[in-house]
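Undergrad: Sequence:
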Amino acid sequence: MFAAHPSPWHSHALQRLADGPAEPLVPPSRMEWTPHRGHGPGAELLGTRLHGKRALELGCGPGHNAAHLSHHHGVQATAIDLVGLQIRRARSHYGHIPHLTFSAGHALHYLHAAQEPFDAIYSVFGAIGLVAPELLLPAAADCLTDRGLLAFAAPHPRRRGGTPEPGVSPSRDLLTLPDRSRLPIVRWDLEATAWSHHLHRAGLRQITSQTVSHPGGSRRPTTLLITARKT
Numbered sequence: 001m002f003a004a005h006p007s008p009w010h011s012h013a014l015q016r017l018a019d020g021p022a023e024p025l026v027p028p029s030r031m032e033w034t035p036h037r038g039h040g041p042g043a044e045l046l047g048t049r050l051h052g053k054r055a056l057e058l059g060c061g062p063g064h065n066a067a068h069l070s071h072h073h074g075v076q077a078t079a080i081d082l083v084g085l086q087i088r089r090a091r092s093h094y095g096h097i098p099h100l101t102f103s104a105g106h107a108l109h110y111l112h113a114a115q116e117p118f119d120a121i122y123s124v125f126g127a128i129g130l131v132a133p134e135l136l137l138p139a140a141a142d143c144l145t146d147r148g149l150l151a152f153a154a155p156h157p158r159r160r161g162g163t164p165e166p167g168v169s170p171s172r173d174l175l176t177l178p179d180r181s182r183l184p185i186v187r188w189d190l191e192a193t194a195w196s197h198h199l200h201r202a203g204l205r206q207i208t209s210q211t212v213s214h215p216g217g218s219r220r221p222t223t224l225l226i227t228a229r230k231t
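Position one of the sequence shown corresponds to residue 1 (the working numbering), numbered consecutively onward.
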């Protein structure tokens with residue numbers, strides 16, 4: 001018989017929980033789009049008038065960004081993650097915050113089953129980039145209100161130096177776990193032009209892209225930020 005192996009994301013969550021119990025937290029004072037705290041834009045990327053808006057996070061992890069939006073900006077936030085352990089962790093941290101819902105499930109399945117549109121859908125190193133964009137982006141566009149915003153952060157395709165292979169196909173990558181071990185994953189490691197192609201095909205317009213480099217004066221890109229609107 002073949003042994004069943006947990007997904008890399010389940011292993012990541014399991015190691016985080018092993019570090020200690022997930023306790024209630026004060027929501028962070030800032031939304032983060034990059035791996036470097038305090039570096040790059042914050043919640044303003046989603047707009048300046050967020051109170052009462054409905055937002056959906058695709059791949060929320062421990063829930064920090066959704067908690068910030070709900071607590072500090074009055075957003076009615078829904079945050080989903082593929083890994084049930086992450087949702088348990090997020091609820092332990094922020095389950096006390098009003099108008100904030102955490103759900104376990106696959107991003108594509110959740111979008112297909114959504115009953116009401118969202119004013120904003122976002123992903124921070126989450127499902128966008130890990131699920132086939134020709135499937136996920138049209139489903140996200142269908143769940144946006146008119147003039148609704150899609151925003152996502154993904155690892156920059158040139159973060160390791162050199163030039164990535166052109167095209168719109170996925171490539172193999174490695175996920176670094178808390179213990180510094182690494183497990184293989186598949187990622188759509190695309191340039192901004194390739195993302196723009198997918199977004200246009202999904203019916204989204206007003207596409208912008210922004211490169212965020214490593215802090216401390218380095219020019220090495222770390223994060224690719226992209227926004228698009230449903231018009």
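Calculated directly from the structure, the hints in this document are not laboratory data. Glycine included, every Cβ here is placed at the ideal spot set by N, Cα and C. Certain hints may be false.
[Said to hold, decoys possible] Pairwise CB distance ranges (calculated): (1) R201 <-> P24: 25 to 31 Å; (2) D173 <-> T208: 20 to 26 Å; (3) S171 <-> H36: 19 to 25 Å; (4) D146 <-> H112: 35 to 41 Å; (5) T208 <-> D146: 30 to 36 Å; (6) G216 <-> T176: 17 to 23 Å; (7) T231 <-> D19: 19 to 25 Å.
Undergrad: A separate judgement is required for each hint: does it hold in the structure or not?
TA: Hint by hint, here is what the structure shows:
1. R201 <-> P24: 25 to 31 Å: violated, 43 Å
2. D173 <-> T208: 20 to 26 Å: This hint holds: roughly 25 Å between Cβ atoms.
3. S171 <-> H36: 19 to 25 Å: holds, 24 Å
4. D146 <-> H112: 35 to 41 Å: Given about 20 Å between the Cβ atoms, the range is violated.
5. T208 <-> D146: 30 to 36 Å: violated, 19 Å
6. G216 <-> T176: 17 to 23 Å: holds, 20 Å
7. T231 <-> D19: 19 to 25 Å: Once the Cβ atoms are compared, 44 Å apart, the range 19 to 25 Å for D19 and T231 is violated.
Against the hints set out earlier in the document, violations occur for numbers 1, 4, 5 and 7.
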